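Novice: From just these sequences and the hints, can you work out the full model?
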Amino acid sequence: MIEQYIRSHPEVIEQSLQSLENKRAAEEQQRQRAALAAHQQELLNDPGSPVSGNPAGDVTVVEFFDYRCGYCKKAASSLTQLQQSDARVRVVYKDFPILGETSELAAKAALASNLQGKHRAFHEALLATKDDLTKEQLFHIAQDTGLDVTRLDRDLSRPEWQSTIERNRILAKTLGISGTPAFIVGNDLVPGAVDLKTLQELVAHKRKQ
Numbered sequence: 001m002i003e004q005y006i007r008s009h010p011e012v013i014e015q016s017l018q019s020l021e022n023k024r025a026a027e028e029q030q031r032q033r034a035a036l037a038a039h040q041q042e043l044l045n046d047p048g049s050p051v052s053g054n055p056a057g058d059v060t061v062v063e064f065f066d067y068r069c070g071y072c073k074k075a076a077s078s079l080t081q082l083q084q085s086d087a088r089v090r091v092v093y094k095d096f097p098i099l100g101e102t103s104e105l106a107a108k109a110a111l112a113s114n115l116q117g118k119h120r121a122f123h124e125a126l127l128a129t130k131d132d133l134t135k136e137q138l139f140h141i142a143q144d145t146g147l148d149v150t151r152l153d154r155d156l157s158r159p160e161w162q163s164t165i166e167r168n169r170i171l172a173k174t175l176g177i178s179g180t181p182a183f184i185v186g187n188d189l190v191p192g193a194v195d196l197k198t199l200q201e202l203v204a205h206k207r208k209q
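So for the sequence shown, my numbering puts the first residue at 1; every next one is plus one.
One or more hints might be untrue.
To be verified - Pair ranges (Cβ atoms, derived):
hint, residue 1, residue 2, range
1, Arg167, Lys206, 17 to 25 Å
2, Gly179, Pro159, 26 to 34 Å
3, Pro159, Gln18, 48 to 56 Å
4, Asp188, Asp153, 37 to 45 Å
5, Ser163, Asp188, 48 to 56 Å
6, Glu28, Ser8, 28 to 36 Å
7, Asn45, Val190, 39 to 47 Å
8, Arg7, Ala38, 44 to 52 Å
9, Thr134, Arg207, 36 to 44 Å
10, Ser157, Tyr71, 24 to 32 Å
11, Arg7, Leu44, 53 to 61 Å
12, Gln162, Gly192, 23 to 31 Å
13, Gln81, Pro191, 30 to 38 Å
What the hints assert, rightly or not - List time: in silico DSS-like cross-link candidates among lysine-lysine, alpha-carbon distance up to 27 Å:
hint, residue 1, residue 2
14, Lys73, Lys118
15, Lys74, Lys130
16, Lys206, Lys73
17, Lys206, Lys135
18, Lys73, Lys173
19, Lys197, Lys74
20, Lys74, Lys135
21, Lys197, Lys130
22, Lys130, Lys118
23, Lys197, Lys208
24, Lys118, Lys135
25, Lys208, Lys135
26, Lys208, Lys130
27, Lys74, Lys118
28, Lys74, Lys206
29, Lys73, Lys130
30, Lys173, Lys206
Derived by calculation from the structure, the hints in this document are not laboratory data. Just so we're clear, the structure is a prediction, and the values are computed from it rather than from any experiment. Yeah, the Cβ is synthetic: ideal placement off N, Cα and C, and Gly gets one too.
Specialist: Written out as structure tokens, the structure is:
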């Protein structure tokens, strides 16, 4: 009888599966938001993570990214425009190299550039380039952005860059982030490339809380 009913009403199975999927998605979102709330200190105030925008901003945007990631390159202009249009926004950069050794080298170079106070310019230049990020190309971009290349080469070997990257990897895993880019504002996590409007909406939502 039950079998006959199901055959006559196959939409019941579809609805049940959809309901189960929605329930699991809601549970995962709840778990993720709880994890974000529990790890705000690591997200917002890790001394190894470069910061730009307003250091005392009322809302912080956190980005996990890889310099060789095409979607990160696509989203880069949105984050730049947000900082240009909103003087109250603070940005935290989480280097999360997932695309191999070249990505890791670029991440370390960017972290080292922060010692010279030119991280944002170098960061944006790295995301803007279409060239392969070899060491030679990294130094070429560094020179174009006004960095002392000799010092950058020396600072690249400092062990704290690897420590910062490893902390970011552990944090990403804890938060369920496996790809790049990923943007976090408060307890909201948005994976993938986002446009300026989406970032502005996330910031506005956080300000209302």
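Novice: Evaluate each hint against the coordinates.
Specialist: Consistency of the hints with the structure:
Checked against the hint of 17 to 25 Å, the pair Arg167 and Lys206 passes, with Cβ atoms roughly 24 Å apart. Taken as a hint, the range 26 to 34 Å holds for the pair Gly179 and Pro159, whose Cβ atoms sit roughly 27 Å apart. Range check, Pro159 to Gln18: about 50 Å between beta-carbon atoms, so the 48 to 56 Å window is met. About 39 Å separates the C-beta atoms of Asp188 and Asp153, a value consistent with the hinted range of 37 to 45 Å.
Taken as a hint, the range 48 to 56 Å is violated for the pair Ser163 and Asp188, whose Cβ atoms sit roughly 28 Å apart. Checked against the given bound of 28 to 36 Å, the beta carbons of Glu28 and Ser8, roughly 34 Å apart, stay inside it. Range check, Asn45 to Val190: about 21 Å between beta-carbon atoms, so the 39 to 47 Å window is missed. Between Arg7 and Ala38 the beta carbon distance is about 48 Å. The supplied range of 44 to 52 Å therefore holds.
Between Thr134 and Arg207, the C-beta spacing of about 42 Å keeps the proposed range 36 to 44 Å intact. For Ser157 and Tyr71, the hinted distance range of 24 to 32 Å is satisfied, since their beta carbons lie about 30 Å from each other. The given range of 53 to 61 Å is respected by Arg7 and Leu44, whose C-beta atoms sit roughly 55 Å from each other. At roughly 27 Å, the beta carbons of Gln162 and Gly192 sit within the given window of 23 to 31 Å.
Gln81 and Pro191 have their C-beta atoms about 20 Å apart, which leaves the hinted 30 to 38 Å range violated. Restraint check for Lys73 and Lys118: satisfied, since their Cα atoms lie roughly 19 Å apart, inside the 27 Å limit. For a cut-off of 27 Å, the pair hint linking Lys74 to Lys130 stands: about 11 Å separates their Cα positions. At most 27 Å may separate the alpha-carbon atoms for a hinted pair to count; Lys206 and Lys73 meet this at roughly 25 Å.
Using a Cα cut-off of 27 Å, the hinted pair Lys206 and Lys135 is violated, with the two alpha carbons roughly 39 Å apart. Note on Lys73 and Lys173: the hinted pairing holds, with a Cα-Cα distance of about 22 Å set against a maximum of 27 Å. Distance check on the hinted pair: Lys197 and Lys74 sit about 14 Å apart at the alpha-carbon level, within 27 Å; holds. The straight-line distance between the Cα atoms of Lys74 and Lys135 is roughly 23 Å, inside the 27 Å bound, and the hint therefore holds.
Distance check on the hinted pair: Lys197 and Lys130 sit about 25 Å apart at the alpha-carbon level, within 27 Å; holds. For a cut-off of 27 Å, the pair hint linking Lys130 to Lys118 stands: about 21 Å separates their Cα positions. This hinted pair checks out: Lys197 and Lys208 have alpha carbons roughly 17 Å apart, not beyond 27 Å. Taking the CA atoms of Lys118 and Lys135, the gap is about 18 Å. The hint holds against a cut of 27 Å.
Distance check on the hinted pair: Lys208 and Lys135 sit about 44 Å apart at the alpha-carbon level, beyond 27 Å; violated. Note on Lys208 and Lys130: the hinted pairing is violated, with a Cα-Cα distance of about 39 Å set against a maximum of 27 Å. As the CA atoms of Lys74 and Lys118 are separated by approximately 22 Å, the hinted pair is consistent with the 27 Å bound. The straight-line distance between the Cα atoms of Lys74 and Lys206 is roughly 24 Å, inside the 27 Å bound, and the hint therefore holds.
Proximity of Lys73 to Lys130 is assessed by CA-CA distance (about 9 Å); at most 27 Å being required, the pair is judged to hold. Restraint check: the Cα-Cα separation between Lys173 and Lys206 comes to about 24 Å, which is no more than 27 Å; the hinted pair holds.
When held up to the earlier numbered hints, the structure conflicts with 5, 7, 13, 17, 25 and 26 and fits the remainder.
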